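Residues per chain are reported as follows:
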Amino acid sequence: DGGITQSPKYLFRKEGQNVTLSCEQNLNHDAMYWYRQDPGQGLRLIYYSQIVNDFQKGDIAEGYSVSREKKESFPLTVTSAQKNPTAFYLCASSIRFFSGNTIYFGEGSWLTVV
Amino acid sequence: AQKVTQAQTEISVVEKEDVTLDCVYETRDTTYYLFWYKQPPSGELVFLIRRNSFDEQNEISGRYSWNFQKSTSSFNFTITASQVVDSAVYFCALSVYQAGTALIFGKGTTLSVSS
Chain A
1 DGGITQSPKY LFRKEGQNVT LSCEQNLNHD AMYWYRQDPG QGLRLIYYSQ IVNDFQKGDI
61 AEGYSVSREK KESFPLTVTS AQKNPTAFYL CASSIRFFSG NTIYFGEGSW LTVV
Chain B
1 AQKVTQAQTE ISVVEKEDVT LDCVYETRDT TYYLFWYKQP PSGELVFLIR RNSFDEQNEI
61 SGRYSWNFQK STSSFNFTIT ASQVVDSAVY FCALSVYQAG TALIFGKGTT LSVSS
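If you read the sequences in order, they're chains A and B.
All residue numbers for the first sequence refer to this note's numbering, where the first residue is 1 and numbers rise by one.
All residue numbers for the second sequence refer to this note's numbering, where the first residue is 1 and numbers rise by one.
Calculated directly from the structure, the hints in this document are not laboratory data.
There are no misleading hints in this set.
BS3-like mimics (lysine-lysine), calculated; alpha carbons at most 27 Å apart, straight line:
hint: 1; chain 1: A; residue 1: 14; chain 2: A; residue 2: 83
hint: 2; chain 1: A; residue 1: 57; chain 2: A; residue 2: 14
hint: 3; chain 1: B; residue 1: 107; chain 2: B; residue 2: 16
hint: 4; chain 1: B; residue 1: 38; chain 2: A; residue 2: 57
hint: 5; chain 1: B; residue 1: 107; chain 2: B; residue 2: 70
hint: 6; chain 1: B; residue 1: 16; chain 2: B; residue 2: 38
hint: 7; chain 1: A; residue 1: 70; chain 2: A; residue 2: 9
hint: 8; chain 1: A; residue 1: 9; chain 2: A; residue 2: 71
hint: 9; chain 1: A; residue 1: 9; chain 2: B; residue 2: 107
hint: 10; chain 1: B; residue 1: 3; chain 2: B; residue 2: 70
hint: 11; chain 1: A; residue 1: 57; chain 2: B; residue 2: 107
hint: 12; chain 1: A; residue 1: 57; chain 2: B; residue 2: 3
hint: 13; chain 1: A; residue 1: 57; chain 2: A; residue 2: 71
hint: 14; chain 1: A; residue 1: 83; chain 2: A; residue 2: 57
hint: 15; chain 1: A; residue 1: 83; chain 2: B; residue 2: 3
hint: 16; chain 1: B; residue 1: 38; chain 2: B; residue 2: 107
hint: 17; chain 1: B; residue 1: 38; chain 2: B; residue 2: 70
hint: 18; chain 1: A; residue 1: 9; chain 2: B; residue 2: 38
hint: 19; chain 1: A; residue 1: 83; chain 2: B; residue 2: 107
hint: 20; chain 1: A; residue 1: 9; chain 2: A; residue 2: 83
hint: 21; chain 1: A; residue 1: 9; chain 2: A; residue 2: 57
Reference listing, derived: stretches of chain A covered by chain B, where coverage requires no fewer than 3 residues with Cβ under 8 Å from a Cβ of chain B:
hint: 22; stretch: 41-49
hint: 23; stretch: 88-102
Predicted, not measured: the structure shown is a model, and the values here were computed from it.
Just so it is clear, CB atoms sit at the ideal spot from N, CA and C, and this is done for glycine as well.
All chains should be built: construct the whole structure from the sequences, respecting the hints.
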């Protein structure tokens with residue numbers, strides 16, 4: 001089945017540690033995205049990538065890093081510099097980076113800092 | 001600047017009631033797209049509909065219907081004869097031509113349908 005796979009679904013991290021969230025898509029989409037969701041805040045864009053080996057900061061990129069070495073993969077690293085990392089993280093993709101294209105989402109990853 | 005407002009934080013209805021979720025958007029762009037997504041308890045956002053700024057036709061899909069009115073900058077979503085399975089968080093989102101695909105989300109409306 002085609003889709004977006006995120007792993008792990010639940011992740012616990014100790015303060016001061018970096019953690020990487022995986023996102024893989026087999027939809028042959030050029031563009032990929034990471035969003036963060038906090039209760040009552042809606043979704044906010046962290047990073048996006050229009051094409052392989054390219055990525056741009058979104059609205060809340062501080063404390064996060066990404067890479068896009070392969071078309072199908074867009075991992076997100078939450079670094080120790082992120083002050084409040086506990087949240088629900090959603091990966092997404094679209095066929096192109098164009099406003100008329102629909103963005104499709106994965107099932108999300110819950111990150112809790114303990 | 002672009003903005004999406006979903007003024008209703010939570011709505012509770014009883015099965016078979018009709019319910020309308022409101023969405024008001026702000027943009028100065030003439031070319032833009034509006035979306036609705038459903039987020040069930042599992043967490044995944046499920047795409048429901050996309051509408052471009054040049055198409056004000058209302059749309060109906062089964063029990064779902066959407067009313068797009070540029071005059072009031074609104075894109076409201078109505079569920080007819082609601083069911084328990086409709087319980088979810090619903091998000092309205094906007095993307096503008098100048099910003100590529102990046103979606104601007106409202107804060108969501110939590111719909112609870114009881115039997």
